[in-house]
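A.B. asks: Sequence:
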Amino acid sequence: MRSHQQIVPNEPGSLSFQEKQEDGDEAKYKCIRFFNLLILPNFGEFMGSFIFSFLACFAGQYQRSNDLVYPFLSGFSLYIARNLVANLTPAHLNPAVTLLQWFRNEIPLVLAFTFCLDQLIGFLLGVTLFRTLVTQTEFNDYIVMYEIVAVEGVRKINRLQAFLLEVFLSMIYFMAHSLEERQDSTVAAAWGFIQLVSYPLYGFTSNVTLLLVTSTVSYIFSPSTTPSFLLLYLNVFASLAAVLMAWCVDIASRPSAPESEDKKSTN
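Note that my numbering numbers the sequence shown so that position 114 is 129, with each residue one more than the last.
Think of the hints as simulated: they come from the structure by calculation, not from any bench. Think of the CB as a built atom: it goes at the ideal place given N, C-alpha and C, for glycine as much as any other residue. Check before you lean on any hint, since a few could be wrong.
[Claimed, not checked] Pairwise CB distance ranges, derived in the manner of DEER restraints:
| no. | residue 1 | residue 2 | range |
| --- | --- | --- | --- |
| 1 | Lys-45 | Asn-102 | 20 to 28 angstroms |
| 2 | Phe-50 | Asp-199 | 24 to 32 angstroms |
| 3 | Asn-120 | Glu-41 | 25 to 33 angstroms |
| 4 | Asn-51 | Leu-83 | 37 to 45 angstroms |
| 5 | Tyr-248 | Arg-269 | 28 to 36 angstroms |
| 6 | Thr-147 | Val-84 | 20 to 28 angstroms |
| 7 | Leu-259 | Leu-53 | 44 to 52 angstroms |
Full structure from sequences and hints, please.
C.D. replies: Rendered as structure tokens:
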């Protein structure tokens, strides 16, 4: 009689069992990789944008918005937000910084796109929450005060000068994100400095998304104000020019490889 051997396909040690186990491990690895490389950074960027925009609004309270306190609180808000989410994300909190990091091949295109969405949603929620909670508080939106450069009706700076100043100051701020040491403190200090010397076309507007969100929310809560997004196209062009200049400076400042190493690599 022919003996019939029972085959158990899922028995440990069988080929099919090992293949299924390997497939399960690979799927688990892909899920973990997707979570670490996409979900966590985006969550951190969203939370950082929310915290930064919410805390920065306190700098605009009327009783505190003097020449020194306002930039200090704004820069300190950025410093706190970046450090709170530093273990999750690079904390760009600025679409122009995200674009610059993509130019530098620091992040992939997909992550750059999702970061910009995170910043928009985070800023919108942070600013809206603050304005909802302080409706009875006198509030001063610096970014909608176009008369800041005029004294008794006389302008102290024209639009072209303000545009060029925004380009160069934004470039310095963007370059601070390429530092390997003391990056958080330098970025916050650069941001605070821009707030201190800000004119209506730059300063807070070095962050185009934050300008758009804050100006829109301010216009909704205070319809009598002049919305800053009417000149948003100038801020967009200024940010793009600053990003390109910072990128060129970054390329020019990279140390070149010695000729001996180049010859070895060719051989």
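A.B. asks: In this structure, is the beta-carbon distance linking Tyr-248 and Arg-269 contained in 28 to 36 angstroms?
C.D. replies: At roughly 32 angstroms between Cβ atoms, Arg-269 and Tyr-248 fall inside 28 to 36 angstroms, so the hint holds.
A.B. asks: Given the hint of 20 to 28 angstroms, check if Lys-45 and Asn-102 actually sit that far apart at their C-beta atoms.
C.D. replies: For Asn-102 against Lys-45, whose Cβ atoms are near 23 angstroms apart, the range 20 to 28 angstroms holds.
A.B. asks: Is the gap between the beta carbons of Phe-50 and Asp-199 within 24 to 32 angstroms?
C.D. replies: holds, 25 angstroms
A.B. asks: Do Thr-147 and Val-84 keep their Cβ atoms within the hinted range of 20 to 28 angstroms?
C.D. replies: holds, 24 angstroms
A.B. asks: Are Leu-259 and Leu-53 spaced within 44 to 52 angstroms by their CB atoms?
C.D. replies: The hinted range 44 to 52 angstroms is violated for Leu-259 and Leu-53, with Cβ atoms some 27 angstroms apart.
A.B. asks: Given a hinted range of 25 to 33 angstroms, is it respected by the beta-carbon distance of Asn-120 and Glu-41?
C.D. replies: At 27 angstroms between Cβs, range holds.
A.B. asks: Between Asn-51 and Leu-83, does the beta-carbon spacing fit 37 to 45 angstroms?
C.D. replies: holds, 42 angstroms
When held up to the earlier numbered hints, the structure conflicts with hint 7 and nothing else.
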